[in-house]
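Chain by chain, the residues run as shown.
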Amino acid sequence: MNIKNTMELLGRWLVLASFAGLIALFLPAPAQAEYADVVINNYADAAGMRPVVFPHWYHRIRFRCKVCHADLGFAFKAGGNKITMAKIIDGQFCGACHNGEISWSVENCGMCHSGVPGTPTQIHGSTVQRLVAPAYKSLQDGKPADAQDKPADKVEAKPAK
Amino acid sequence: MNSTLKVIAMMVAVMVPAASAVAAETQATKKSMELKEVDSDANKVSSANVFNRLLKKPKEKNAAPPEDGIHDPGNEGSHVLQPPLVSYEGLPTSEFGNYVDWVQSLQKGLLNPRYDRVDPSVEALVMDLDIVREVKASMPDVVFPHKPHTQWLHCSNCHPKIFIPQKGANQINMSAILLGQKCGVCHGKVSFPITTLSCKKCHSKPKPDDWKPPLSSASVKNPWR
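Residue numbers (the working numbering), protein chains in the order written: chain U, 2 to 162; chain R, 3 to 227.
Where hints are given, some of them may not hold.
Said to hold, decoys possible - Using C-beta positions, here's what the derived DEER-type ranges look like:
hint	chain 1	residue 1	chain 2	residue 2	range
1	R	Val47	U	Asn109	24 to 32 Å
2	U	Leu132	R	His161	24 to 32 Å
3	R	Cys157	U	Gly111	49 to 57 Å
4	R	Val47	U	Met86	51 to 59 Å
5	R	Lys58	U	Glu108	37 to 45 Å
6	R	Asn114	U	Gly111	27 to 35 Å
7	R	Ala50	U	Leu132	18 to 26 Å
8	U	Gly111	R	Glu125	31 to 39 Å
Rather than coming from a laboratory, the hints here were simulated on the basis of the structure. Glycine is no exception: its CB is placed at the ideal position from the N, C-alpha and C atoms.
Isolated chain U, as found in the complex (with noise of 0.2 Å):
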């Protein structure tokens, strides 16, 4: 009887112990990349590419903001600008350096499509991702906000539209 109450419990203890590691290895790694690093990830999961990952500290170091945001038009905003790389090779946006002039051209997917897979478009370390609790949920939403309880790094950034 008591070997089997050890059996029984040594399994609850086993399963317990294997869901933990397993949800701990399924859950992101907490992201230690650059402050203002932007995912872009409007159609690249979809297209089944990588997401793109922008450096801002790398194009500050080259360009004032005033370049990209002034003159090549990009917007205040993570994925808020719709790139394509249709525009890209039409000199817009990203394109408009990355020509093989400037910067180095398109056919190096990889430096720029770099980011883990399924990572929504958000810009890294912002504030509102640093907030405890949701920055903002619409009660037309029609869901509680649980997510108050859980600890903030399991507080995933809610994807921008």
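Based on these hints, arrange chain R on the given structure of chain U.
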């Protein structure tokens, strides 16, 4: 019922070591170890009674792309990208954001980013005008310096869409900024973020010595006062 459980247990028990071996090189293992420890503690005492339950883990500063959790280490391109620390060498530091003081770097001439896409000789159109915004509450008043902003940006980036260029025409509050409006269009996303360490960068003009915070009406009407 029991047999199903055992089958699941066996399957999972086989899967876990295999999967964790794959992730052994990454931080995922560390994370799972932490989680397991927390779980085992949870059997003894409520896991709610810990310090900093809602505080994010301290981040490893300026991680290289393949280790930063956003770039896919399985992508060869991720390993070719420049690690930020290589670029930041010699730049003045700050306590938040990229941990680089970008404005200082530019003003000291350590960086000379182009103001034009192709012509490196184009000079920025800089305007030196400070705007003081009085703050109702006890925080120091806000001084908005046009100079560092125009060194990076063009007038049209902010005016008139984000800020109407007219005194008193712009309602600004911290809630809006935290949610990414007004100053928050850039601050908290790219330019220095809103943290306890950075308040004084904007709230920089102390109140006059004789200034007293206005009492709330609830306090004035308080019968037990």
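Hint-by-hint comparison with the structure:
The beta-carbon spacing between valine 47 of chain R and asparagine 109 of chain U, approximately 53 Å, falls outside the hinted interval of 24 to 32 Å. Taking 24 to 32 Å as the suggested C-beta distance range, the pair leucine 132 of chain U and histidine 161 of chain R conforms, at roughly 28 Å. Under the hint 49 to 57 Å, the C-beta atoms of cysteine 157 of chain R and glycine 111 of chain U, about 38 Å apart, miss the expected range. A hinted range of 51 to 59 Å holds for the C-beta pair valine 47 of chain R and methionine 86 of chain U, which are about 54 Å apart.
In this structure, lysine 58 of chain R and glutamate 108 of chain U meet the distance hint of 37 to 45 Å, their C-beta atoms being roughly 38 Å apart. For asparagine 114 of chain R and glycine 111 of chain U, the Cβ-Cβ distance of about 30 Å falls inside the hinted range of 27 to 35 Å, so the restraint holds. Look at alanine 50 of chain R against leucine 132 of chain U: about 20 Å separates their beta carbons, and that is inside 18 to 26 Å. A hinted range of 31 to 39 Å holds for the C-beta pair glycine 111 of chain U and glutamate 125 of chain R, which are about 37 Å apart.
Comparing the model with each numbered hint stated earlier shows that hints 1 and 3 do not hold.
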